[in-house]
Every structure is written in C-alpha cells, then in structure tokens.
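Visitor: The residues making up each chain are set out below.
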Amino acid sequence: MKNPKFGYARPTTLDEALDLLASSEDAKLLAGGQSLLPVLALRLGSPDLVVDIGRVPGLDEITLAADGSVAIGALVRHAEVEDSHTVAGYAPLVAAAMPWIGHRAIRNQGTTVGSIAHGDPAAEMPAVCLSTSAVMTAVSARGERSIPAADFFDGFLTTALEPDEILTKVTFPPWRTGDRGAVVEQARRHGDYALVGLSARVHVTDGVIDEAVLAFLSVASTPVRVAAAEESLIGSAPSTDAYALAAEVVSNNLTPGADVHATANYRKHLAGVLTKRALEQALMSEVAA
Amino acid sequence: MSPQNEQGVRVVIGGTIDIECTINGEPVAVETEVRRSLSDVIRHEVGLTGTHLGCEHGVCGACTVLIDGKAVRSCLMLAAQADGADITTIEGLADGDEYHPVQQAMHDAMAFQCAFCSPGFILTTVALLDRKPDATGDEIKQELSGNLCRCTGYQSILDGAAKAVELMSETANPPGQPTADQASGERSDV
Amino acid sequence: MTDQRTQTSGLGFVGQSVKRVEDARLLRGQGTFVADVIPSNCLHAAFLRSPFPHARIASINAAVARKLDGVVAVVTGAELEQMTNPFLPFTQQAGLYTPLYYGLSAERVRMVGDPVAIVVAASRHIAEDALELIEVDYEELGPVASISQALNPSSAQLWDKANHNLLYDHTDQFGDVDAVFASADHVFTETFSCPRQSNQPMETRGTLVEVDPVTGDVTVRSATQSSHALRWMLAAYTERTSGLRSLKQFLTNSDRRSGFLAGAKAVFAEKGEALQESDNAGMIDQIKSDKSTVPNLMRTLAGVAGKERYVKVVADDIGGGFGAKGSVAREDVAVAAVAMALGRSVTWIEDRVENLMDGGQAREEDLTMTVAVDADGTLRGLKVDLIIDQGAYPATPVGAALTARIMQVMQPGSYRFEAFEQRSRIVATTKGKYVAYRGPWANETWARERMLNVVARNLGMSQTEIRRKNMYGDEDWPDPANLPTMLTGPTLDVTMSVRKTLDRAIELADLGTFDAAKADAESRGKWFGVGFASYHEAAPGPPNYFDSINPGTGALVDQPGRVTVGVDGKIRVFTSQMPHGQSHETTYAQIAADQLRVGIEDIELVFGDTSRTPFELLGTGGSRGGPVGGGVVRKVSRRLRQELIDSAADLLEANPDDITIEAGNVHVAGVPAKGVSFADIAAHHMKAKGTAIVDRDAVFDVDDNYNGAGDGGWSVATHVCWVEIDKDTGFVEIPRYLVVEDCGPVINPAIVDGQVRGGVAQGIGAVLYEKVAYDERGTHQSTTYLDYLVPTSMEIPTIEIEHLETLSDGENDFRGVGEGGMIGAPAAITNAIEDALDVTITEQHLPPSRILELAGVVEPD
Ligand SMILES: Cc1cc2nc3c(=O)[nH]c(=O)nc-3n(C[C@H](O)[C@H](O)[C@H](O)COP(=O)(O)OP(=O)(O)OC[C@H]3O[C@@H](n4cnc5c(N)ncnc54)[C@H](O)[C@@H]3O)c2cc1C
Ligand code: FES
Ligand code: FES
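Those sequence lines, one after another, are chains A, B and C. Residues 1079 to 1367 in this note's numbering are what the first sequence lists, from first letter to last. Residues 461 to 650 in this note's numbering are what the second sequence lists, from first letter to last. Residues -5 to 855 in this note's numbering are what the third sequence lists, from first letter to last.
I should point out that these hints are in silico values taken from the structure, not numbers from a laboratory. Computed from a predicted structure; not experimentally measured. Ideal placement from N, C-alpha and C gives every residue a C-beta, glycine not left out. Incorrect hints may have been included.
[As the list claims (entries may be wrong)] Okay, the calculated beta carbon distance ranges per label pair:
1) C:D470 with B:R591: 35 to 43 Å
2) A:A1322 with B:I473: 17 to 25 Å
3) A:P1135 with B:S629: 35 to 43 Å
4) C:T507 with A:P1251: 20 to 28 Å
5) B:S629 with A:P1251: 27 to 35 Å
6) C:M788 with B:S629: 19 to 27 Å
7) B:I473 with C:S148: 30 to 38 Å
8) A:A1336 with C:T479: 34 to 42 Å
9) A:P1135 with B:I473: 25 to 33 Å
10) C:T778 with A:P1251: 54 to 62 Å
11) C:D470 with B:S629: 33 to 41 Å
12) A:A1143 with C:M788: 43 to 51 Å
13) B:R470 with A:A1322: 32 to 40 Å
14) A:T1236 with C:N146: 38 to 46 Å
[What the hints assert, rightly or not] The following residues of chain A were derived to be distant from chain C, with all beta-carbon distances above 10 Å:
15) T1090
16) E1103
17) E1160
18) P1170
19) H1268
20) D1270
21) Y1271
22) G1285
23) E1309
24) N1330
25) T1341
26) L1348
[Stated by the list, open to error] Sample of chain B residues with no beta-carbon within 12 Å of chain A, all distances over it, derived:
27) G468
28) D543
29) E551
30) E630
31) A632
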C-alpha cells in the first residue's frame, strides 16, 4: 500500500499555488492530507501533481470579525479549532463538531477547511456549514468569490469549487442571542465516521422556535436538510412532543443507503432518534427555564 | 508548525526531494522520492524502525510520531511535508538507560504484550500528558481510542497511562528519587 | 483485579507479577520485527491479486511490467508451478478431500485477493507500480459466497475433483443416540450461525528470504508462530526436483542423506509407531479423489531430501498472531522460490488490505443443535450438525479439517450427556482462507452455551440452574485411578473444575441484584440482561486428548525443551515455542530461575532460530505455552539443578544432599561464604569431563520432552456479562464483565490477566463490531480498517478476573490461558443480549441495526 508516482510542488505564496493548480489538468491540492493520502495509498487516485499548500502564508488563522462572525483559514487544523476560545465562544456548533472528527492525531494534522472542501457526506463539518449558513471564500487566478454553504455541496465528494480554486477560508456568521444548537451522532466505534449524525440549530424568541435548521450527515451523497421537519418545529415551544414530531418527519423523509455497518431502515430510524436528542440537547436550557 | 523550511519546492513526477529535519534532537538530511510517506522515510531511510506500520491508512495509530510535540500519523504524511519539522519517535524518549516516565509507567503496569502497538500508545500518551498533565481516566481512554491494540484489551495500557500521570507529577516536583530503569526481574508490589 | 489465589508457589518468582523482560527492547522501539531487519539492498515483492471472487484466467501479460525501471522479475502462476510443489494435505481424515494448490493461481482464481503473479522490484513502490501494468484477462465464473450457495447444486463448483463444494462429510456417534432421543421428555432444535471473523494481529504477515550471495545459504526471517513448520514446508515446497534425480542424489550424496535423515528422524523415526496407528483411511480417501496427490507427495518428499542445505528460519519479535501466523502462507512459498531462483534477498511485508483479504479468516460456521432433555432439566442427548465455510484454499497445516475434529471432541462440554452425535461438513467458498483463530473450536462453546439458554427458557429454568444441574463436579472423580471420560474420549479429572468457577461466578454476580438493575436500566430507556457461559478447554488436555481428535496425533505433540550452562556460567533455555506477545521470556525465566535459584536476568531464552531451537512443529498455539512449554522448562531446569548440585558436590567435596543454591551461589548448607558460582562449577565440570564436552556454551546440557502426560489437565472458566442496550439506538454497553477462571497455579498474574482480557476483547469485537463481509456476489466489503472494526479502548469495559487455582497431584500444574477469553466471551455476551431482548438469538454478530431488528423496533431492509 504505497503511493503512486506524482509530481510535488510546495508553493510559498497563494498566487504561486493558484498558478500551479491551473497548470495541470490533474493537480490535487494537499492540505492536511488526512483524506487525500489514504486515497493515494490505496491507489484509488493518482494525480499528476500534488500541490502542498502547507507553506502558503496567511491561511492559518482563526479571525473574529467585529460583527461576531468567525473565519477559519485553510490551514487551520481541526485541533486548533477544537482548542480555540474564539470558536468555542462565537461558533459553538463548530466547536461542538470537533470531538466527533476522528481522533486527536487526525485532528492535529487534518484541516477544518479541507474537510469542507473534500465534501464527504459522512464528515461533520459540511453539515455544520449547512446548519450555520457558513460562507465559503474561493480564490482562483480569475479572482475571489463567495459561495453560500447551501450552494456548495454538489454530490458525493464534489463541491462547487472549480479545479483551479482554493478554498481560502470559511466564515461562520455571528451566533445570535437565542441561537441554540447541538451536534449529535452515532458511530459504530468511538471516532468512526457516523452511521448518522446531525448538526441542529434552532432559534428561540420568547419561548417559541422561530427558526430551525436540521442538517444531516451520512444519509445521502451530500449533507442534507429536512425542510419538512424544520417547518414542523417553527411556531412551537420547545417540548418533547415537538421534538417527537420532528423526529418522525425526519425518519419519513430521509432515504439513506445501506452498507456493512447498518441497514437503510436502521439509519432512517436512527436519524429520528438523533433528531430528538439533538433538539433536547440544544434546547435543554429553554425547557429548564 | 514552528521552525520549518520555508522554501518552495517544485518537483517533477518521479523526482526526489531533499529534506532536512530534526529527529530526536539530531539534524537529519535525506534525499527521497516525493511520494514517500514520512513513516517509510523514518523507518527505511533514517533507520528508526521503532515506528511501526499497522495499516498505512490512518486508523491503527501504530505509526504515531510527535511533530513539534503533537501526535500525528506518520503514514498519512508525505516526508516532504515534514521538511523542517521537529520530530520525535519512540527511540527519542528514553534518556540512555533510563526510560521516559511514560515508558516506565507502561513497564510498571505491564501494559503491552506483543508491543507492536506500543510506540503509538506511548507517544500518544506523551503528547496527551504534555497538553493535559493531569488527564483523567476518561480523557486518557478517549485519547488512546485512536490507537488499536489487538492483544491487551486496553485495561493495562490505560492503567499504564494513569500511572504515567502520577509518575510525571512526581517528577515535576520530585519527592524522592527519579525512577531508574530496572528492565527486568523486579517484582511488582502486587 | 481481584486476586484470590489460594496457593502460591513457594519458590519465588512463579506466582508473582514479575515485570516483563521483553519490555527493555520493545518499549524503546528496539524490537526486531521482520519489517525492521530488511537489508538495504533487499528486493521487495508485491502480489497481483484477483478482483473477482471466481474467474478463469484467460491470459496474463506481464511484458510491460517486466520492462519497468527497477523491476527485477515478474513470475506468474503458471511459471511458479514449474518452480514449486503444491501445498499438500497435512491433515488426513476419513471423508476429507484437500485440494492441491500452489503459491500463485495459474488457471483459475477462487477469491477476491487470490494471488496470480508476484513482482519483485527495487522497492515496494515500484513493485506496486508494476502491478498496475500487468494485464490479466479474466472470464468470470459464478461466486460461491455462502454456506447455502456452496450446498446449492446449481452453484459453481470450485474444485473439479471435489464432491461439488463439499470437501468433508463425516458423522460420529457416541452412546445410544436413538434410544436416548426416543426416551427423553423433550427435544429442542435451533440453528446457530457465526459469521466470518479475522484474527487481525497488529503486525501483518511478512517474510524476508535472505540469500547469501556467496554461499547461497538461505535464511528466512518471518513473522511465524512456528519456525520449524515454516522451514520444513518451505524446504518441501520450493524445490521441484524430479523424483528419480532426487533419489539418485539422496543415495549418492552423503551430505544430502544426512541432512534429510537428521530432520526426518525427528518427525518420523521416533514417531513411527504413532503414525502407524493413525487413520490411513484419510489418505486413501484423498488419493481416491485426487490421484495426483501421490506423485506430488513423492516429489515433495524428494524435494526435502534433495535440499542440499535446508533453509534456516529465524523469527524474532512478532506483533501478535492469534493463529493467523500458524499457517505457512502461499506468499511465503512464492517469495522463497523467487528469491532462491534469483539468488537474491527478497522480502514481502503484507499490507493491511492484503491481510484483510487473505491474512486469515475464521469462525464462519453453522451449527444445528438438537438437545434431548427431561422435564426436570436433565440433559440427555445432543446432536450437532456442523458446517464450516473454509473459504477457497485450505490453510496449512492447521485449518478447518482439524478444527472440525476438535469441535466434535469438545462439543458436549462440561455436561453429563448420555449420547452424542455429530455430523461435520466442510464446504469450499470464494472467500479468504479459514485459519485457526484463538480457540479455533470456540463455536462449540458458543452454540452449546447458547442452546442451553434456549433449553432453559423453554423449560422455565434459569441459565444458572440448568448448568449447575448437569455439570460435572468433584463427585464425578472420586477415584483418581478410575477417572471418567467425556463421551468423546478425553479423561476428566479434578482440573475440570468448571463448576467451581460457575459457583464462584454466581456468588460474585449476586443474582439478587438483577431485578433492581433491570428496573434501573428500564428507567433510563435501556434493556438489561445478564449472560453466563462456562467451558473447559484442553490446555494442554489430558494425555488422551490429541488421540481423541485424530488417533495417532498424541505422540506428535511432545514439547521439547533444553537448558544449558556455559563455561561462563550463562544459563540458556531453548524452546520451540514462538513468542508473539505471550511474554515467554519472562515466564520461562520465572520458572527456570525458581528451579535454579537464580535471578530472572540470569536466564536467556533462545527461541525462533531453527538452527538453535529444538525441533517441533506446533510452535506457539493451543494455549500450550504455559502448560507444556513451561512444563518442559521446569522439567529440564530441575534436572539441571541436580546436575549442578552433583558437580558442585564433587568440587566442594561434599555430599550432594547438603548442597543448596541461593541466588546463584552454590554452597554447602550453612556456609554460603564458601560457595561457588555456576561458572566455577561449569569450569570444574569441563575439566572433569575432558574432551567429552565440545561446546563451551553448553557445558551442562539437559534436554527432554514433555506433553503434559500424567497430569495434563484442563483450563476452565465461567464468564458473566452484563449488558444494557439503548432501546432507541440498539447500542450495547457492557457495564460489568466477570471472568472466574482456573488455570491451575498462575505463573504471572499480570500476564495471565492480560491474556484473559485480550481474549475477551476479541470476543466483544466478534459479537458487536467485527465482521468479514462478503455480499451475495462474493464481493469483499471489508478490506480496510474503516470497514473491519477492531474495538478500541472506548468499546472494551473493565474486565474483572478472579483466579481459582485448583491443584492436581501431578508434577506440573500449569494450565493454559491464552485462548479461554475468546472462547467464553461470545457466548456470555450473546446470552446477555438474548436475556435483555427476550427473543431467541441465533447469530453471533449483533451490530446495533440487527439488535433493533431482533427487538422488533426496525424492519430489516
Ligand atoms: C482514520 C481517519 C478518521 C477520520 N475521521 C473523520 C471523521 O470522523 N469526520 C470527519 O469529518 N473527518 C474524518 N477524517 C478526515 C479528516 O477530518 C480530514 O482531515 C479532512 O477530511 C480533510 O482535511 P485535510 O486537511 O486532511 O485535507 P486533505 O486530505 O489534504 O485534502 C482532502 C481533499 O480536499 C481538497 N482540499 C483540501 N483543502 C482544500 C482547500 N483549502 N481548497 C480546495 N481544496 C482543498 C484536497 O485537494 C483533497 O481533494 C478522518 C480521517 C482519518 C484518516
Ligand atoms: S500505520 Fe499509520 S495509522 Fe496505521
Ligand atoms: S500489545 Fe500487541 S497489539 Fe498491542
């Protein structure tokens, strides 16, 4: 299980990186390598050129803007996000996702933005992006553009990024007063990719839910929201009944696949169970109050 | 990552790359194929075979090394990515005949059997205790769950890591003598 | 750990958790696993493997691959057939057909991962590059992906000379089965299925064949559980000489003759009587099925005879095996043959994907259990219909055939049945090879202990009641001169103390607490259950155990051992055991040091190197390391002590009876100041014996054999598992797990506990996490560690262990403990889950989705 042959480049500026990416039909960007390198080792892919952006300056920061939004740069490792007070305070759903991602040694090397760019439907961050309406900043030699999370995840391991684009940062909008959230999942073993998971964000005003986003992982070829379940929550007060109804709608609306780890029916059922748990966890303080 | 080689690199397919880094405190320079993983280079080109390969796809943790003090999978890193890095492998822990406290604690706990997994567990524990010197049993169990062991059922390894917490807090403010390596034959106080 | 030892050895180290000698190198990363000792100029091998479960190879073209820079050789299956002999039937049993096969497949592939070509190149990277350049034209044939497909007459047939896909079909009866079944109050039947599991040692397989460019000497370094078996089989399979030429060489070349005889004597000459007794019917059946067995067998024997120099096998540190490294691999033969042909060193280090495809799979069995029982719960009769899915290629030397026999012998377990019948079948399927896996027969325990619970539920008894009522106990062997036997043959004695472990387990489990625990779990949305399971295992078994499996084998399993003292006083213990995690260097040092009254550090254990260790084919396996491996160390060390004392008496001009040894100082009792060292005695002995002693490292040299004879005995345990199952997710938690075991005197409690825990962890893995998955098309779906789930520290609970130490009156009381954890655990866990769900469970693998299906919460897809 050894890597195939490839060319390697390690640019030291963003422009150089963009040029390199554009220079080859079959160039692959290498960030933390925790998804790309297993693919290469198993010889499931064999790019002509690997562009290691590890030394490109300016991509390794977590920045808090005046409006309370948090931007995570392309080279920030999961572990840095996990340990960041800024993220814990201003992007709590991102922080909540971190412990679910593999193990610490994977998080020490893998990047948070890389896991978004990779677009794995079993990964946590794409669902978190959906549930928080994160905004992607993509840069190419042609310029910079912003892509809302809702338009970003196109299919299994495919995103709206063009082959010559680098995702330089992902911005998580301000966490408002009244925002509540939870990331909940169930994996066969601790640290495994989830059988099913979800990132839930609900907004409560005066004891009534007026916004709800339920973004699921591992149930389709992309992270998906279940609009009907979200709608079922709007206008109700946080309550066991409301959660149960949402859970039922979730189970009825999702069409997950089967694999060696679980059947499709089980995943549907589990999605409902986890919906309830996520809502309970997110709204615990509301119910207690 | 701190003191790294900031130079850019452009290598054609099948080419080689010069890497300079520090391994266990010693400067190391190798020329290697760009496709080689850090683990292959450490094992075969540097000759430090204590870093083991159990899966080569990131799951078992046997290949764990410390880069700038942090535990990473050396099988999931190109050697080229580690250019300029400060690397610690299992061979770099003991001080001469004296075990590192984590090794000592694992020895005392009779943590391992075949010990093929041991470099990964020991280095992961070292990194954890560096970050959380007073890690609790639950934290230890969580952190070490990224490493697979097929022989022990883990209890003895978790006991060893818990012992290491004690041992290192003692060494941090030593009440008595440092622990000497009595590699064999001593009876534990069972 | 609760350590309630009732007895400890009076001598010192045995019985103590002496810290591991092995750690000094292993914890520092200074072990020498096979992948660590590859010379820099060594060539690297990689195998081209079939992507199809079953296909004909229409053509194979390696021309482009051969031209790739760095490639030294590409050898295809057809080419390898010209260089080697086929794997031959090692186990002969009436009714068994063993297909012959080579290191690589030439005409047909029979599993995903079947090797069809070997590439040897300057690096593994280049070798893998070359694999992509080899073109193979496959014509797909039908898959045989399950036991039911194998038995379906319309399925494809894997082996032309077999009876469709049925390789073995044999029935034995013990007692008057019909009468017992006719007279019993009830008969219950259930079929239990265990899916495929894999041993998965953390170190994969690997072999380095070093060829000395000057002398041509071959040294094979390998991760093997038996270096002698590997050496013999490589010698046999890697030289394809014509029988006549070989015979001529044998007759005319004295080197060859003596080389052959030296080895052959060890196997055959001394055991001739035993072999004559053995079951010739097996060989006759084999030859009837496949006449080419005869010339191939002759060629193989001639190959051994014709070997000018036997290969030497050296095994150092090994990263676990659990049975998977007990087999001689097809890859080993291919690598060795190519290295010898090239005259260059070649290595193959298996990667994890290869390992998951064909590094060893196990356990896939269906067992239909029919029990005759009286209304009061008295077990009367047992009928078992066993079918083993052995995959495509039979493992050599120990595979499904031997396992079927062991399962039969152990099947009635610790219970007093009056009659027993077993039909055993082995089928061929398009899957990875079935190997021995820690307690290879474990499914007899699983199915029986499951069935007992089914019977108990039907009769309204508790799981502990039915066991206690029917279990053998001390009242069954009042007269040591007249011991009872299991229905299947092996003798039972005081060491079969399984009921003591059950009683102690019942005490510790505190049955009275279950109701409250159940109510508490219910209040948290969980189902609660407790499962018991008991077993006895032959570790090493009574003297007639091996003969009960296959007549004649008993005499083949003598464990040799040797101890020497050099002129420098250095003590070396030699064993044919092949440590791979069991801490032999520590435990054997404990045993020898106690006998010789020296320190642990004074003992060096020599293992793994066939040029230094005594000949024996089993190596490490079968929980034999402690009882017979340790037993022979004790035997030779004790004899050595007497020789040392006698010689010291001569030196000190004293009466041997007055001599004692204390911490390596040999002296007349009461006058330690005038003592002498082992080196002094060795020097004296050397002088006294004159030229009779040629080896300065072995001035004293004691060797002997031991097979547990007279006092072998059983290792026993009861496992109790508590489960709580989340009603919403089906996730199983194990809040408590208890093992009460009795392996006689414990040599090293921490090491024994480690063995037990490791075994239980594998049992937990089997039930809740691990499954080698093939779909109905034969596609292999678990070829990475993302799909084959080895449990982590988060999945394994704390395991409580209680030791009982029943002593027999024999000379040596150590009994084995390596396998037991894995034998008891699957039964205890599945029994607990059944108790919690209150439905009958017939399968062993119970992932959360299956649990909720069984509970009726989720429909199957
Ligand atoms: C054993 C194991 C367990 C894991 N478990 C989980 C888990 O439970 N949950 C989870 O979410 N992840 C898991 N991961 C994956 C891990 O989170 C990765 O770090 C992450 O998916 C990818 O980040 P990376 O920096 O390593 O990306 P790389 O591997 O370097 O790149 C991945 C892909 O994204 C592209 N890419 C990366 N960065 C950018 C960018 N800035 N712009 C454009 N394209 C880019 C690359 O070209 C490549 O195609 C696991 C990995 C392993 C090995
Ligand atoms: S070898 Fe790197 S994680 Fe297994
Ligand atoms: S001790 Fe053998 S794998 Fe951990």
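Visitor: Confirm or reject each hint.
Guide: Status of each hint after checking the structure:
1. C:D470 with B:R591: 35 to 43 Å: 59 Å, violated
2. A:A1322 with B:I473: 17 to 25 Å: Hint violated: Cβ distance 58 Å, outside 17 to 25 Å.
3. A:P1135 with B:S629: 35 to 43 Å: 39 Å, holds
4. C:T507 with A:P1251: 20 to 28 Å: About 53 Å separates the Cβ atoms of T507 (chain C) and P1251 (chain A), which means 20 to 28 Å is violated.
5. B:S629 with A:P1251: 27 to 35 Å: 43 Å, violated
6. C:M788 with B:S629: 19 to 27 Å: 25 Å, holds
7. B:I473 with C:S148: 30 to 38 Å: Given a distance of about 51 Å, which is not inside 30 to 38 Å, the answer is violated.
8. A:A1336 with C:T479: 34 to 42 Å: 50 Å, violated
9. A:P1135 with B:I473: 25 to 33 Å: 27 Å, holds
10. C:T778 with A:P1251: 54 to 62 Å: 37 Å, violated
11. C:D470 with B:S629: 33 to 41 Å: At 55 Å between Cβs, range violated.
12. A:A1143 with C:M788: 43 to 51 Å: 38 Å, violated
13. B:R470 with A:A1322: 32 to 40 Å: 59 Å, violated
14. A:T1236 with C:N146: 38 to 46 Å: At 42 Å between Cβs, range holds.
15. T1090: 28 Å, holds
16. E1103: 20 Å, holds
17. E1160: Given that every Cβ of chain C is farther than 10 Å from that of E1160 (chain A), nearest at about 18 Å, it holds.
18. P1170: Per Cβ check, P1170 (chain A) is outside 10 Å of chain C; nearest 24 Å; holds.
19. H1268: 4 Å, violated
20. D1270: With a cut-off of 10 Å, D1270 (chain A) comes too close to chain C, as the shortest Cβ separation is near 7 Å.
21. Y1271: 7 Å, violated
22. G1285: 27 Å, holds
23. E1309: Holds: least Cβ distance 24 Å, greater than 10 Å.
24. N1330: Correct as stated: the minimum Cβ-Cβ distance to chain C is 14 Å, above 10 Å.
25. T1341: Since the minimum Cβ distance to chain C is about 4 Å, T1341 (chain A) lies within 10 Å and the statement is violated.
26. L1348: Non-interface label on L1348 (chain A) violated, nearest chain C Cβ at 6 Å vs cutoff 10 Å.
27. G468: G468 (chain B) is in fact no farther than 12 Å from some Cβ atom of chain A, at 4 Å.
28. D543: 8 Å, violated
29. E551: At about 19 Å from chain A, E551 (chain B) clears the 12 Å cut-off, so the statement holds.
30. E630: Given a closest Cβ separation of 25 Å, the condition holds.
31. A632: 22 Å, holds
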